[in-house]
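The hints should help you fit chain C onto chain X, whose structure is shown.
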Amino acid sequence: MDRRVSVAIGIVFVAFVVVWLMFVSTPRWFSRPQKPVAAAPAPAPPAPPGRKIKARLFYVSEDGTRLTGVEREIAYGEGPLEQAREIISAQIAPVTEPLVSAVPPGTKLRALFMTEGGDAYIDLSREVTAAHTGGTLDETLTVYTLVNALTANLPAITSVQLLVEGKEVDTLSGHVDLRRPLSKNLAWVQ
Amino acid sequence: MSSQTPAGPSLTVLAREGRRALPIAMVSDQEFVALDDLAAAFQLTVHEESLGAITVTYKGKTIVLTPEQALASVAGRLVSLPAPPSRSGRRWLVPVEFISRALTLVYDARLDLRKPSRLLVVGDVRVPRILVRYDSPGAGGRLTIDATPRANSTVTQEGERILVKFDADALDAPTPLLPPQTLQAAAPFVRDIRVADNTTIAIDPGPRFGGFRAAAQPADATARLVIDFVSAQTDTTPAPPVPAAPQPPPEVPPALTPPASAIRTIAVDPGHGGEDDGVRGAQGTKEKDLALAVARRVKGIVEGRLGIRVLLTRDDDRNIPLDDRTALANNNKADLFISLHANASVRRSAAGATVFLAAFDDSDTEAARPAPGDRVPTFGGGLRDIELVPWNLAQTRHLTQSIEFATILEQQLRNRVPLSVHPIDRAPLRVLESANMPAVLLEMGFLSNAEQEKQLMVDVFQVGVAQSIYEAVVRFRDSLNAGGGR
Numbered sequence: 001m002d003r004r005v006s007v008a009i010g011i012v013f014v015a016f017v018v019v020w021l022m023f024v025s026t027p028r029w030f031s032r033p034q035k036p037v038a039a040a041p042a043p044a045p046p047a048p049p050g051r052k053i054k055a056r057l058f059y060v061s062e063d064g065t066r067l068t069g070v071e072r073e074i075a076y077g078e079g080p081l082e083q084a085r086e087i088i089s090a091q092i093a094p095v096t097e098p099l100v101s102a103v104p105p106g107t108k109l110r111a112l113f114m115t116e117g118g119d120a121y122i123d124l125s126r127e128v129t130a131a132h133t134g135g136t137l138d139e140t141l142t143v144y145t146l147v148n149a150l151t152a153n154l155p156a157i158t159s160v161q162l163l164v165e166g167k168e169v170d171t172l173s174g175h176v177d178l179r180r181p182l183s184k185n186l187a188w189v190q
Numbered sequence: 001m002s003s004q005t006p007a008g009p010s011l012t013v014l015a016r017e018g019r020r021a022l023p024i025a026m027v028s029d030q031e032f033v034a035l036d037d038l039a040a041a042f043q044l045t046v047h048e049e050s051l052g053a054i055t056v057t058y059k060g061k062t063i064v065l066t067p068e069q070a071l072a073s074v075a076g077r078l079v080s081l082p083a084p085p086s087r088s089g090r091r092w093l094v095p096v097e098f099i100s101r102a103l104t105l106v107y108d109a110r111l112d113l114r115k116p117s118r119l120l121v122v123g124d125v126r127v128p129r130i131l132v133r134y135d136s137p138g139a140g141g142r143l144t145i146d147a148t149p150r151a152n153s154t155v156t157q158e159g160e161r162i163l164v165k166f167d168a169d170a171l172d173a174p175t176p177l178l179p180p181q182t183l184q185a186a187a188p189f190v191r192d193i194r195v196a197d198n199t200t201i202a203i204d205p206g207p208r209f210g211g212f213r214a215a216a217q218p219a220d221a222t223a224r225l226v227i228d229f230v231s232a233q234t235d236t237t238p239a240p241p242v243p244a245a246p247q248p249p250p251e252v253p254p255a256l257t258p259p260a261s262a263i264r265t266i267a268v269d270p271g272h273g274g275e276d277d278g279v280r281g282a283q284g285t286k287e288k289d290l291a292l293a294v295a296r297r298v299k300g301i302v303e304g305r306l307g308i309r310v311l312l313t314r315d316d317d318r319n320i321p322l323d324d325r326t327a328l329a330n331n332n333k334a335d336l337f338i339s340l341h342a343n344a345s346v347r348r349s350a351a352g353a354t355v356f357l358a359a360f361d362d363s364d365t366e367a368a369r370p371a372p373g374d375r376v377p378t379f380g381g382g383l384r385d386i387e388l389v390p391w392n393l394a395q396t397r398h399l400t401q402s403i404e405f406a407t408i409l410e411q412q413l414r415n416r417v418p419l420s421v422h423p424i425d426r427a428p429l430r431v432l433e434s435a436n437m438p439a440v441l442l443e444m445g446f447l448s449n450a451e452q453e454k455q456l457m458v459d460v461f462q463v464g465v466a467q468s469i470y471e472a473v474v475r476f477r478d479s480l481n482a483g484g485g486r
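Chains as they are written, first to last, in our numbering: chain X, 1 to 190; chain C, 1 to 486.
Just chain X, same shape as in the assembly:
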């Protein structure tokens, strides 16, 4: 009897470990399993009111084929993670002409987290795919708007992966490979 109980306890323990390993410890199966050091839900708790920093945000160039860097004042965030959230919140906020954003209107920041290795994960709402114009060019511009917004402003972030509704996605609209983090690419900036 004791033996059966200990076997049963053993099985339960092993099952727990397997489940923990599958769903908690290694949520990303084949791409650089790195433990998130922090995760913060959006929207952000407000930074000390009034304090601003300058950041370079990216918008679609006049001819539509590249991004243009625009220096803008955005809210200050304490530490790289908070600052990253402020940058992305400002980057995806609606803009008025002459600025045009490559991020589809209505896209919201669900969460943003970072690994110790400098990978940032931006979790966006479904509008980023559902409201996308499609086409290789605009999809590339959307991706590098977000990738460059973090990597060009925050040296602590070296690459960025986009998630949609909390999940990894293959692409936004059928072109750019989003299965792995992407590095800064200023070739797409005028």
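Everything labelled a hint here was simulated from the structure, so no lab data went into it.
Everything numeric in this text was worked out from a predicted model, so none of it was measured.
Ideal placement from N, C-alpha and C gives every residue a C-beta, glycine not left out.
Hints are supplied without guarantee of correctness; some may be wrong.
Label-pair ranges, simulated between beta-carbon atoms [unchecked claim]:
#1 ASP323/C to THR158/X: 45 to 53 Å
#2 PRO84/C to ALA187/X: 19 to 27 Å
#3 THR96/X to ASP276/C: 27 to 35 Å
#4 ASP29/C to ASP63/X: 23 to 31 Å
#5 ARG397/C to ALA187/X: 18 to 26 Å
#6 PRO116/C to ALA156/X: 36 to 44 Å
#7 GLN190/X to ASN152/C: 24 to 32 Å
#8 ALA216/C to GLU62/X: 39 to 47 Å
Pulled from the structure, derived: some chain C residues nowhere near chain X, Cβ distances all over 10 Å [stated by the list, open to error]:
#9 ALA25
#10 SER86
#11 PRO116
#12 GLU160
#13 ALA168
#14 HIS272
Quick look at chain C alone, frame taken from chain X:
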């Protein structure tokens, strides 16, 4: 060309304005030209930066070269070169491929580098490549003269001499036209054959010449002229020392014999499909329908004219996962992969076609480098080195040829459809990354632009795209068959 070598080897530049020779320097078995010679010939500005970079500017567009790096940055895009720039005294030398890979991307006119002939054709100058073969069917003799791209010719006789005049500006022909041993075998009918002037080949008949019959046989991009020689009725010559001449060894790879082709199968991938419409134009045009219509036209033209098998990743309105599209090409050992799409921009004015190539991060290319220690046991014992490249990085090994095809395709498209201000671009495109062959994605135009939406749906435009792809395949195949001379 037949007669142009001043002192030492040189690259002959043929343009509407005339011809000039650029000296070629050999560095480690590579052919180099001096940057300042190129600058003088093509109105380039060359500037050596303080940090060591060399910038080459043409009409506001810039190419950046870095010493010790076999790369050029062309208006922000990287292209590979076979060797880094080399310094010779106070001059900088660049591999001749700099012209066909980098300069051509910024230059106004077409630059067609024919490395084996040391020829550079600028603009719309018509310079067909000439290949001559001789064989002796039965008692007669036969000369086969191929001109690529197709150039019509007229055959006339002046006295005994036969003249073949081509409708072209110059000829790209080997010297001599026939190697000596072949000419010896041809001697009963052909005493000599040579380029007489820029566009004419002269044939001096041999002692058994009794008459000739010439016939043109157009075949895809090549014009073939066959001249059959008839033996003279009264054969006064003693038997020549080469009776029943053995079949001469083919001095050049025959241009038209199908099995020799480097391209046998092409995969054409109409983007999107099924519930995935792709881009939708304001007038309701769907990208998925346009892509399929053009893909079918490409299949018709390429299979019909070239006999190359064209696989469509879908031939109806269904959605196929991106990986399956590439897998179909890989599993069928396609020699070329072309994905067809239509573009969109939030800026409604954006217009023109773009040829996209795969792009990889540095960490990816590092991962794709085969590890030297990968060894597997072989059947019967022993170990064998293997090259393991991650499946999703297969394209890294084919990028040079993909760039070459993209460059050719852009040149062909330029004559027929509007091009984007960035006609060749690179992005981490999933459908290209795992393609284990040269691969491009063609965005034919912008459905988000009302004017372009109208253009894209008319027959003339779609046929123009399909015809450009066909011509690019022919040029790419010829380049591969010639040993990748670019």
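Check: So which of the earlier hints does this model not fit?
Finding: 1, 4, 6, 7, 8, 14
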